[in-house]
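Generate the whole structure from the sequences, applying the supplied hints.
These protein sequence lines are chains A and B, in that order. Numbering of the first sequence is given in the numbering used here, commencing with residue 3 and proceeding in unit increments. Numbering of the second sequence is given in the numbering used here, commencing with residue 3 and proceeding in unit increments.
Just so you know, not all the hints are guaranteed correct.
Just so you know, same-sequence chains aren't split out, so a pair can sit in one copy or run between any two.
Unchecked claim - Cross-link-like lysine to any residue pairs, in silico, SDA-like; alpha carbons within 20 Å at most:
no.	residue 1	residue 2
1	360	522
2	8	389
3	480	23
4	137	512
5	480	28
6	166	201
7	480	286
8	467	285
9	467	281
10	257	389
11	327	227
12	480	285
13	69	101
14	367	322
15	55	458
16	72	39
17	259	156
18	72	460
19	202	227
20	202	126
21	327	266
22	64	35
23	480	416
24	69	138
25	64	54
Simulated from the structure, these hints should not be mistaken for lab results.
There are 2 protein chains.
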Amino acid sequence: MGAKIKIFDTTLRDGTQGEGISLSVEDKLKIAQKLDELGVSYIEGGWPGSNNKDIEFFIRVKELGLKQAKVTAFGSTRRKDTLPENDANLNRILEVGVQAAAIFGKSWDFQVHTAIQTTLEENLAMIYDSVRYLKSRGLEIIYDAEHFFDGYKSNPEYALATIKKAEEAGADWIALCDTNGGTLPHEISEIVAAVRRAVKCPIGIHAHNDCEVGVANSIAAVMAGATQVQGTINGYGERCGNANLVSIIPNLQLKLKYDVISDEQLANLTNVARYVSEIANMHMPMNQPYVGTAAFAHKGGIHVSAILRNSSTYEHITPELVGNKQRVLVSELAGQSNLVFKAQELGLDFNTNNQQTKQLIAQIKEMEHQGYQFEGADATLELLIRGAYGHLEEVFTLESFKIMVAKSEDQPVVSEAIVKVKVHGETVYNAAEGNGPVNALDNALRKCLMQYYPGLQNMHLTDYKVRVLDEKDTTAAKVRVLIESSDFQSTWSTVGVSENVIEASWQALVDSMRYALLSQTRAARQLKEQQREQVGLINH
Amino acid sequence: MGAKIKIFDTTLRDGTQGEGISLSVEDKLKIAQKLDELGVSYIEGGWPGSNNKDIEFFIRVKELGLKQAKVTAFGSTRRKDTLPENDANLNRILEVGVQAAAIFGKSWDFQVHTAIQTTLEENLAMIYDSVRYLKSRGLEIIYDAEHFFDGYKSNPEYALATIKKAEEAGADWIALCDTNGGTLPHEISEIVAAVRRAVKCPIGIHAHNDCEVGVANSIAAVMAGATQVQGTINGYGERCGNANLVSIIPNLQLKLKYDVISDEQLANLTNVARYVSEIANMHMPMNQPYVGTAAFAHKGGIHVSAILRNSSTYEHITPELVGNKQRVLVSELAGQSNLVFKAQELGLDFNTNNQQTKQLIAQIKEMEHQGYQFEGADATLELLIRGAYGHLEEVFTLESFKIMVAKSEDQPVVSEAIVKVKVHGETVYNAAEGNGPVNALDNALRKCLMQYYPGLQNMHLTDYKVRVLDEKDTTAAKVRVLIESSDFQSTWSTVGVSENVIEASWQALVDSMRYALLSQTRAARQLKEQQREQVGLINH
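Dropping the structure here:
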């Protein structure tokens, strides 16, 4: 196995500078958890000296108890002509109590003069003082040399002088940043090799994708001696994005045999990529390398017949290594292992050879083909699996519903729903208001069911996401609705797909209620069994 | 200026093997015209021996009178154990009367045995015979060595033998194909250099993007001696797509100073990329390098204030060179400079010191605080800014709307809307169906307005995103709705925020219509002014 390469994830900081991305603190915490499971070494959580919202993240992330990733704060070198101990941005980093900090400073003489408008000497002092100050307080320091490659091309001596200053001050890493994203791979190779000869400090690479070579640049840097790669999940970030870690990690590990994350963690890559795209509410292109739904999808007839004989004829890796799967668009014959694993997880006797199993597999594939996505909707999947084995009772059936939404001039919108369902053979009819058609429907349905299932009392929607599926005109496009529900003890997610957003929402709502009721029923049954056992023990 | 590099465009052939893409003959002809204007040297139009639809393209494309691109047909080497003159696929190429043909054959011994199941010698004969046959009929021949890089790594002597055979038979080009997309740039460099030493024939490169290094591989090949690059517009193609010509061309020409297309043609790159994405009905990611709407969009406050002083601080090229433009985003991360820039862009006299400006800035910050996001909603922002300076006429006012959504048992959901608005003092009342409440509302509103504004005819929703804003219980949570609309010439986005998703959608819809109408009015006014000027000039 090759050298160990550490992944520095900046999805939560640089990634949020991308257009259309805005993460709440809750979103960031959820993503941080996933990143830690993936095996990244550093999670850059934000810029506390610039965004107050980030301070909350740094405080609350401590409760997550991350297993291996070091939470890192981003910040600038001290302001010119200021003592580091008087610099608010540096002090904010200390206040939020992180293990590591990434400090950025100028390496390009042009930038020193135009952007921060100071002298080359003062800039060197800014670098030295800032790194020294934070090191003296016990932090691990990654020095981000901003615009390094442009700076090196313009004035190599000064560029090297800046990073040597950082090394002198005790920096643990020197990360070379291609901030404008305009450098090409052969230039990266050359310059990183020069830096490798000039400093002893471990080197990192921070590439951007403005020339569509962010991944290639990161790999070139590693091959020239860098041992840290900075990037984001799915390449989110300012302008054309940061280098995409989701492509870099398998390239380094599977192709170049570097030691990046464990095989189990790599097999979780597709899940993590899709999870983050859902949380960020960003469309994942189906043709995204390694993890896209079409990454291993074969359409051409010749490809398909060859593939069915031997996958390596048209696949550069085995999809399961990154948690993806082969899809054959003529006839779907992909693997069953994921489903078997899931069923076993639920404690079901899952015989892959029997008819029920084959039917279930076919049903799930068909639903996925229509746009259902089960990764963010575990509860829907569980209902499907249990249903296939006849373990599900029908808790209610729909007779009809009507929703009315009305608005006059400057009055707020009023939304009402009437729902008619059959529960235990009896017809129940109820109406409710809501702050939107789906909320009204949810309230009316729950009113109907609560008469029979008081346990639904605490259940409520905590998140609601709508995604237009086709990239075409939305007139006939399908939408996918993901609903997250909670009852203060647990949280579960369900999914619905339809051309009609209310139909899709209804499916997800119904699954959500069914899941809640079945869980409660199962929990009650388990409790009774435990009590019977205890009574049995006492009686013996 | 550097060496001349010829672009071989296979958008209409390999590009169509991507999931979700299907081009009619009309679509292909429109794209071919644009490609010719862009300056590509070869347009691979299809595979006549495999798809009858392609035959029609090859016949009709002659009527276009393309100026410089050579129309090329794709096809396979002859079937094993068959004479070339008896091979239907080769003969079809001759029948459609093209100037050039790209013939693909095996270079990987593994493929010869498993995929086509023949001997290594027969494969060499297949290559020789096919190239010889078509050359003797006067065609320019590009020999596509399929799986070349995997083949070379497995058995370099055989791989070289196959392309030498093609050269011997008279091939004008040897294009080395990384068919599985699994090769990395340093390997491409090495292998292309080896081929450069082994053959005299000009070399082409055909890369795929399965490792997200398709562009880097193409560049590496050119630097190692290739003078033809095969790829597709926007990287369309099977699995993760072909190498993206839209990134390769500016990289080669602007960065590496090769002679690819003219400067005027390069300045048309963004138009061509967006046009093709519209025809192909594929969503163009906003962060696509060089041509994406966010490729030169700056969000971070520090970036923006630096940019306004000097663009090269955060831009690797001048956007206009590829027909794109700089954008400054107004967001929570922005400073006042962003807003000033935007107003200036709109041609408004924006004095940061006057009362209107201060009020507008305060209003925008307050709206952002409530959840409005202006980055993905340029049109809403523009309306706000223009409104602050009293430049907006009220195009219509709402009197009332009602939406009804109904579902019975297993019937699909039905959605209808009734809208009552006042236009030019007159009350207009109309109803429409839709595939959801918002779609029905959109249709009904447009029906009302089209009587007065027929220009709304082509307008339609192209994307719709709902985001729950607070991380809390959604009962009182706000939602943000982002709507993207298009009229085939331009695209614009609007935003709405409310606790009620219909209210939020209504806001975004109304802004979308207002924006469309105001743009049309302004365009008409500008046209009148230009005509007046011309008349004035004539009269002088």
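Structure-based check of all given hints:
no.	hint	result
1	360 / 522	neither (29 Å within a copy, 56 Å between copies)
2	8 / 389	neither (44 Å within a copy, 51 Å between copies)
3	480 / 23	between (23 Å within a copy, 17 Å between copies)
4	137 / 512	neither (55 Å within a copy, 55 Å between copies)
5	480 / 28	between (28 Å within a copy, 16 Å between copies)
6	166 / 201	within (7 Å within a copy, 47 Å between copies)
7	480 / 286	both (16 Å within a copy, 19 Å between copies)
8	467 / 285	both (12 Å within a copy, 10 Å between copies)
9	467 / 281	both (9 Å within a copy, 13 Å between copies)
10	257 / 389	neither (42 Å within a copy, 56 Å between copies)
11	327 / 227	neither (33 Å within a copy, 37 Å between copies)
12	480 / 285	both (14 Å within a copy, 15 Å between copies)
13	69 / 101	within (13 Å within a copy, 63 Å between copies)
14	367 / 322	within (17 Å within a copy, 46 Å between copies)
15	55 / 458	neither (34 Å within a copy, 42 Å between copies)
16	72 / 39	within (12 Å within a copy, 52 Å between copies)
17	259 / 156	between (35 Å within a copy, 18 Å between copies)
18	72 / 460	neither (35 Å within a copy, 52 Å between copies)
19	202 / 227	within (11 Å within a copy, 36 Å between copies)
20	202 / 126	within (19 Å within a copy, 53 Å between copies)
21	327 / 266	within (16 Å within a copy, 44 Å between copies)
22	64 / 35	within (11 Å within a copy, 59 Å between copies)
23	480 / 416	between (26 Å within a copy, 15 Å between copies)
24	69 / 138	neither (25 Å within a copy, 68 Å between copies)
25	64 / 54	within (17 Å within a copy, 63 Å between copies)
Violation of the numbered hints given earlier is confined to hints 1, 2, 4, 10, 11, 15, 18 and 24; the remaining hints are satisfied by the structure.
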